[in-house]
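Whenever a hint applies, use it, and build me the whole structure from the sequences.
Everything in the sequence shown is counted per my numbering, starting at 13 for the first residue and increasing by one.
Check the hints yourself; a few may be wrong.
Derived DSSO-like pairs (lysine-lysine); straight-line CA-CA distance at most 27 Å [unchecked claim]:
#, residue 1, residue 2
1, Lys225, Lys117
2, Lys90, Lys61
3, Lys66, Lys137
4, Lys137, Lys61
5, Lys137, Lys59
For the record, the hints were derived by calculation from the structure and aren't laboratory data.
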Amino acid sequence: MSMTLRKSLLGAAVAVAVSIIAAPAFSQSASLANPAALTEKAPAAYKVKFDTSKGPFVIQVNRDWAPNGADRFYNLVKNGFYDNVRFFRVVTGFMVQFGISGDPKLSAPWREARIPDDPVRQSNKRGYITFATAGPNTRTTQVFINFGNNTFLDSQGFAPFGQVISGMNVVDALNAEYGEGAPRGRGPDQGRLQQEGNAYLAKDFARMDFVRKATIEN
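Printed below as a string of structure tokens:
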């Protein structure tokens, strides 16, 4: 895979969508400003419910698939990181990507909060969720859900840590009109998203779907 594709999988940021109805604001843990404090070990298996602008879907995470990825995802969800983030890159037939805070003050520390790679124990099949990466040991907060069987990603170190177990029809329905990010597509510019956060997308990407709230289910 080319470095360009790797970097694009690390992706652009989370957009602000005023998706007809303005996205609600959610309180987030103060600990999010300090990534080093969020290192709790995840359960062996856990479920995460995503309430989105298109409806709900549920992901089951299996820690033994990718322990470092599962732990990071657990801490991010538990502390509200994904609440109110945008599905900023939706490429039909490939994947949907999300996972940079709409608040630039949170984006900045997490860009440097990299976790070690996990061995690839599962394939990037339809409905499987994986951390994006730009190279060895560069995973931070961005994740993607595979729309198709993207097995070519397996040899590149993209290690799935969970899968959608309900609501894949919701994932399939996420707005794909913006497609790839700039400059290759009509989607958001990665640099501006990192620097300006949700405010950048309010005007030009108003129909972008978003996460209302992500919750760990008991």
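Verification of the hints:
no., hint, in the structure
1, Lys225 / Lys117, "holds, 20 Å"
2, Lys90 / Lys61, "holds, 11 Å"
3, Lys66 / Lys137, "holds, 22 Å"
4, Lys137 / Lys61, "holds, 20 Å"
5, Lys137 / Lys59, "holds, 18 Å"
Checked against the numbered hints listed earlier, the structure breaks none of them; every hint is satisfied.
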